[in-house]
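Line by line, the protein sequences are chains A and B. Numbering-wise, the first sequence is residues 126 to 358 according to this note's numbering. Numbering-wise, the second sequence is residues 126 to 358 according to this note's numbering.
Calculated from the structure, these hints are not laboratory results. A few of these clues could be false.
One copy or any two copies: either way a pair holds, since identical chains are not told apart in the list.
Computed list of lysine-lysine pairs in DSSO-like fashion (alpha-carbon distance at most 30 Å, straight line) [said to hold, decoys possible]:
#: 1; residue 1: 290; residue 2: 184
#: 2; residue 1: 271; residue 2: 290
#: 3; residue 1: 307; residue 2: 350
#: 4; residue 1: 307; residue 2: 290
#: 5; residue 1: 277; residue 2: 311
#: 6; residue 1: 290; residue 2: 311
#: 7; residue 1: 238; residue 2: 277
#: 8; residue 1: 234; residue 2: 349
#: 9; residue 1: 335; residue 2: 234
#: 10; residue 1: 172; residue 2: 349
#: 11; residue 1: 184; residue 2: 311
#: 12; residue 1: 234; residue 2: 290
#: 13; residue 1: 277; residue 2: 190
#: 14; residue 1: 148; residue 2: 172
#: 15; residue 1: 290; residue 2: 350
#: 16; residue 1: 235; residue 2: 311
#: 17; residue 1: 290; residue 2: 277
#: 18; residue 1: 235; residue 2: 341
Protein chains: 2
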Amino acid sequence: MAVLYLVPSPLSDGDWQNVLPAKVFRVLTTTGYFIVENIRTARRFLKLVNKNIDIDSLKFFVLNKHTEYSAAEGYLNPVVEGHDIALITEAGCPGIADPGAEIVRIAHKKNIKVVPISGPSSVILALMASGLNGQDFAFNGYLPIKHNERLKAISKLEEKAVRLKQTQIFIETPYRNDQMLKSLLKACSPVTMLCIAADLTGDNEFIATKTIEQWKREIPDLNKKPAIFLLGT
Amino acid sequence: MAVLYLVPSPLSDGDWQNVLPAKVFRVLTTTGYFIVENIRTARRFLKLVNKNIDIDSLKFFVLNKHTEYSAAEGYLNPVVEGHDIALITEAGCPGIADPGAEIVRIAHKKNIKVVPISGPSSVILALMASGLNGQDFAFNGYLPIKHNERLKAISKLEEKAVRLKQTQIFIETPYRNDQMLKSLLKACSPVTMLCIAADLTGDNEFIATKTIEQWKREIPDLNKKPAIFLLGT
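Chain A on its own, in the form it takes in the complex:
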């Protein structure tokens, strides 16, 4: 029976075998149909994993926030006809903070078997490496951009982190990291723990967990580095 594979991709440059299991090679070289966010980067990833791959023989469907439901539904026709399909994300795990979940939901409706492959998740890597509570945690995606709304959102997350002992995880676009850090240092109590994980799995990986008070003494430069933030106690 044909299946929908969910294939993670690297978070940074470098050898894919540092972050992805060998199984990814097998899946990507025996699958002819791909659902991707961006064809150019998907082709580059396929070439990275198997430089002898015959890219021109492969069929790509583009899934992004502009894709209509009816089109997405059609993308799964090859599985129904007996061909495996792989969903590849731009970075990390499909369906986590990207538009992949919709296609998986359709697959379940059609009783198509879904097979997730393990790989790098910035949320999990950051949480593992934070030392903060990994028994109870929440991922909140992006916080509001406007200054006052952001401060309010941070205070709410901090309150939850303390009251529920639930680690609160969120992300920011790289060019806004420095503003995010300023807001965190302003909104949070000096004793709250903040973990910053930047450039995960990359050459300049930076992971540190400190109190807000400690961070204030030495503010790191996060500009343009993909980063993830965790608040805990």
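Keeping the supplied structure of chain A fixed, place chain B upon it in accordance with the hints.
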């Protein structure tokens, strides 16, 4: 500079290269010190990854819920002296739903570099494969065991899932799965979405997302299978 590696381990039997990157081989064969939950299973894992490994030359420290803080602190002495240490979990990612977080927290206090390796996380694999909201989700660990308290906890999670559009994830010990499923079918609204992911990455992997109403019509046998549950809308 020596580092503390956080090394995931497989969730099921079978070829480790189906779920772990080749980097794990390199880390485990160049590291002489290990912090583990259980020495016997850690040795088995090391042999699985490298059958030629000289187990008797390796040094193991046991970290579990009975380990005292002062002992755990001492486990990191080899890093301070210039030797890499690897923290290995029983299954999945260290620090996520296991006692590993404490040692990582101590490492940050001592300014020891922490390097997480990517690998299988049942939380992320289940969420990817569920088709439920992966932009906002919470992992809640175990729910209460007592019948009435569990029903209350489930209702509260369902309410959160709906109100916040936040996928609610939780686990159960395998022999209580069937009771958990009964409680879910009793407590939740017929239109709530429930994903059940059992035996992830294993030969009998089972992942399905349906409404509570649909699940009631065909109740799966989850007895003794490691499973993870997700509520969403």
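Query raised in the report: Failing hints, ascending?
Result: 1, 7, 11
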